[in-house]
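Asks: Starting from the known structure of chain A, fit chain B onto it as the hints suggest.
Protein chains: 2
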Amino acid sequence: MDNFEFYSPTRFVFGRGAEEKTGALVRKYGGTKALLHYGGGSVKANGVYDKVVASLEAAGVAYVPLGGVQPNPRSGLVREGIALCRREKIDFVLAVGGGSVIDSAKAIAFGTLYDGDFADFYFGKDVKRPTPVPAALPIGTVLTIAAAGSEGSGNSIITLEPDMLKRGATGDALRPAFSILNPEFTFTLPAYQTACGATDMFAHVVERYFTPTRDVAVSDELCEGLMRTIVAESRKVMSAPRDYAARANLMWAGSLAHNNVCGAGRAQDWASHGIEHELSALYGCAHGAGLAVVMPAWMDYVKDVDIPRFARFAAKVFGVPEGEPAAMAAEGIRHYRAWLRDLGMPLTFAELGAKKEDIPALVAKLGLNGNTVGTFKPLAEADVTRILESC
Amino acid sequence: MDNFEFYSPTRFVFGRGAEEKTGALVRKYGGTKALLHYGGGSVKANGVYDKVVASLEAAGVAYVPLGGVQPNPRSGLVREGIALCRREKIDFVLAVGGGSVIDSAKAIAFGTLYDGDFADFYFGKDVKRPTPVPAALPIGTVLTIAAAGSEGSGNSIITLEPDMLKRGATGDALRPAFSILNPEFTFTLPAYQTACGATDMFAHVVERYFTPTRDVAVSDELCEGLMRTIVAESRKVMSAPRDYAARANLMWAGSLAHNNVCGAGRAQDWASHGIEHELSALYGCAHGAGLAVVMPAWMDYVKDVDIPRFARFAAKVFGVPEGEPAAMAAEGIRHYRAWLRDLGMPLTFAELGAKKEDIPALVAKLGLNGNTVGTFKPLAEADVTRILESC
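For the protein sequence lines, the chains are A and B, in the order given. If you read the first sequence in numbering that gives the first Met the number 0, its first letter stands for residue 0, the second for the next number, and so on. If you read the second sequence in numbering that gives the first Met the number 0, its first letter stands for residue 0, the second for the next number, and so on.
For reference, chain A alone in the conformation it holds in the complex (with noise of 0.2 Å):
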């Protein structure tokens, strides 16, 4: 086990009508007036919107409301946010909505606070240690979808006009100070978003999974437990939308997907994120479907790396039975596939709508300079090359 901090200091404020508590929330961690961050509009035609705004007014929270987050949040609309923040002065940043919400509004807590240009801080996923951002508005998020979960990572991911670069940013200040999940919200998300959700969760699990370090017991039992739960949950709420128990298994497990509680002690991969993000960035396809084409596709260049491992992931995720190891770990990759494919996730690059004319400008804005993106395998523009070609 390598050496670690852990440090998930969010308040998650789970369940039924949740969300009442809002505005006693932020008022708790300081706020006073708030920017109120949301995306396209769905949270006003399903009734969420006026919830957190009942919340907050009945707890006298003041709230300046910004509409319009796109899925691959933009830098544009980032600095819109900051301006206005500083005009109204915006003490606290809380964000309705789903991952691209989160990650817009903390882009927006920390720039507010940062003399700078905001984008200095989100860097590529070459920069093994990205430098935190020092400070940030507090922020508190009304989770709608289970996917990112970025309510309760120390993360942000914006999308850079005008040359569409995804790059992230990181830091403690970024931790949503708490984060309301109620699984009712999740009862009308269409399917695609759904399947969208549950294939980035699992995503993110495997990136902690499949890792260089030894002797990783507790945190291999926590990654099988949280992929087996996905699998088994997901599939269930893509036929029964609306049954709560699986909703709320499906949205706790988004959250300790990315919390990092499955990472403690591990050297984590991250290539297949990496790689999807300039997918996304570039076709505006939802980060879950190209994690779905990359991810299996990186598992087929990297397995014979680890064979054992990719077998205990077959025999552990998938129920694979025991056998020979490298027969198992292509069975528990075929079977991650058909997973996917159960959900309605595309698998190749037609499917996506990418062109393999592209790979070449996609691997370019990965921006690896001569560096590896990943540790399971470290991968060159090459490998990266290869693996897109056999999407």
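If you're looking for bench data, these hints aren't it; they were derived computationally from the structure. Source: prediction; values computed, not measured. Hints may contain errors.
Cut-off 30 Å, straight-line C-alpha distance, at most; resulting in silico cross-link-like pairs (DSS-like, lysine-lysine) [as the list claims (entries may be wrong)]:
(1) A:K27 - B:K315
(2) B:K20 - B:K88
(3) A:K235 - B:K315
(4) B:K50 - B:K27
(5) A:K27 - B:K50
(6) A:K43 - A:K27
(7) B:K27 - A:K88
(8) B:K355 - B:K376
(9) A:K376 - A:K315
(10) A:K27 - A:K50
(11) A:K315 - B:K315
(12) B:K88 - B:K43
(13) B:K376 - B:K354
(14) B:K235 - B:K364
(15) A:K50 - A:K20
(16) A:K315 - B:K43
(17) B:K32 - B:K43
(18) A:K50 - A:K88
(19) B:K235 - B:K43
(20) A:K20 - A:K32
(21) B:K32 - A:K27
(22) A:K88 - A:K32
(23) B:K27 - A:K32
(24) A:K364 - A:K354
Partial chain B-side listing against chain A, Cβ under 7 Å, derived [to be verified]:
(25) F5
(26) P8
(27) F13
(28) F122
(29) W269
(30) G343
(31) L346
(32) K355
Don't be surprised by glycine CBs; every beta carbon is placed ideally from N, CA and C.
Replies: Positioned in the frame of chain A, the structure of chain B alone reads:
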């Protein structure tokens, strides 16, 4: 799944040499003059105390030592610590030791800021919703035994003199700001203490695993994964006390067993802990040893409430083959006792040094006053009596 809040803000700093960060961490959390609280002197003998002092001095943190915490820490030393903190204008409480030292430190950290008697906030297990302590000095820990989980919990258990009633307090203010976990510090523990620690952490998961709450797939998986880890890694450290990987996995499992990630969304039981606390208060036995006697007896007594859950416990934790559920349930408990026996734990009143004639007094001290304890099967005084008689 029940509604819940999950809040575990402690910064865990884990690994070889982690104690070198002690002074800087005290500073980070506002400390300038720390109470350095410890136990019977083993931390002086094994060098941990000197390492911590060196780190405090390097960071320019003043400190006032207060040793002498006994297992099952007592109110007398807590009162002494509170007076010392007030007199010396201490602004940080640093515990160097195991659960007893940490629990004593928490009581001091709270009592120093509280105008009344600190014991006002220490309640019996029959109190379903004890009033959380309002505020406390910031607390840090340097852990020297993997067991109690107090390094990541918001609880403190103190034996109130002169009646020797073991009572608990709770509250977010009692959660340590940071906890330093260096598995090497546990290399030289006596085997019996290592075993008591493993017994205790396993019991923390059991108290959460056996629940009347349904549809808790995520935390069921986490519970089972941690229990498997604790059984496997404890067997390794008993035969190889300096096995870093096994010590590390056991230590981290102990923290996760009690920071409540396993209990999110579940009604928890805690009857066995409540019953055991009166045993260790009366006889001065190790908490883990008392649990090894009480908890399997509790299982025998309550298992018919939910045989399928006990059968699942048997299968998932101890690998009992599928079969007739009641037989599987009994076999699971047998495996549990066999593991405890292998650890060298007592399993009966006689082995513990407890006496049958004390049972009425033990039951009375639980202070049920006509209420019940536990949720899996709520136990009245007559039930507790029968469980203790079966020991």
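Asks: For each hint, tell me whether it holds in the structure or not.
Replies: Hints, one by one, checked against the model:
no. : hint            : result
1   : A:K27 - B:K315  : violated, 41 Å
2   : B:K20 - B:K88   : holds, 23 Å
3   : A:K235 - B:K315 : holds, 22 Å
4   : B:K50 - B:K27   : holds, 19 Å
5   : A:K27 - B:K50   : violated, 38 Å
6   : A:K43 - A:K27   : holds, 25 Å
7   : B:K27 - A:K88   : holds, 28 Å
8   : B:K355 - B:K376 : holds, 24 Å
9   : A:K376 - A:K315 : holds, 22 Å
10  : A:K27 - A:K50   : holds, 19 Å
11  : A:K315 - B:K315 : holds, 12 Å
12  : B:K88 - B:K43   : holds, 25 Å
13  : B:K376 - B:K354 : holds, 25 Å
14  : B:K235 - B:K364 : violated, 38 Å
15  : A:K50 - A:K20   : holds, 10 Å
16  : A:K315 - B:K43  : violated, 45 Å
17  : B:K32 - B:K43   : holds, 20 Å
18  : A:K50 - A:K88   : holds, 24 Å
19  : B:K235 - B:K43  : holds, 27 Å
20  : A:K20 - A:K32   : holds, 16 Å
21  : B:K32 - A:K27   : holds, 28 Å
22  : A:K88 - A:K32   : holds, 8 Å
23  : B:K27 - A:K32   : holds, 28 Å
24  : A:K364 - A:K354 : holds, 15 Å
25  : F5              : holds, 4 Å
26  : P8              : holds, 4 Å
27  : F13             : holds, 5 Å
28  : F122            : violated, 24 Å
29  : W269            : violated, 21 Å
30  : G343            : violated, 22 Å
31  : L346            : violated, 27 Å
32  : K355            : violated, 40 Å
Of the numbered hints given earlier, the model fails hints 1, 5, 14, 16, 28, 29, 30, 31 and 32; all others are met.
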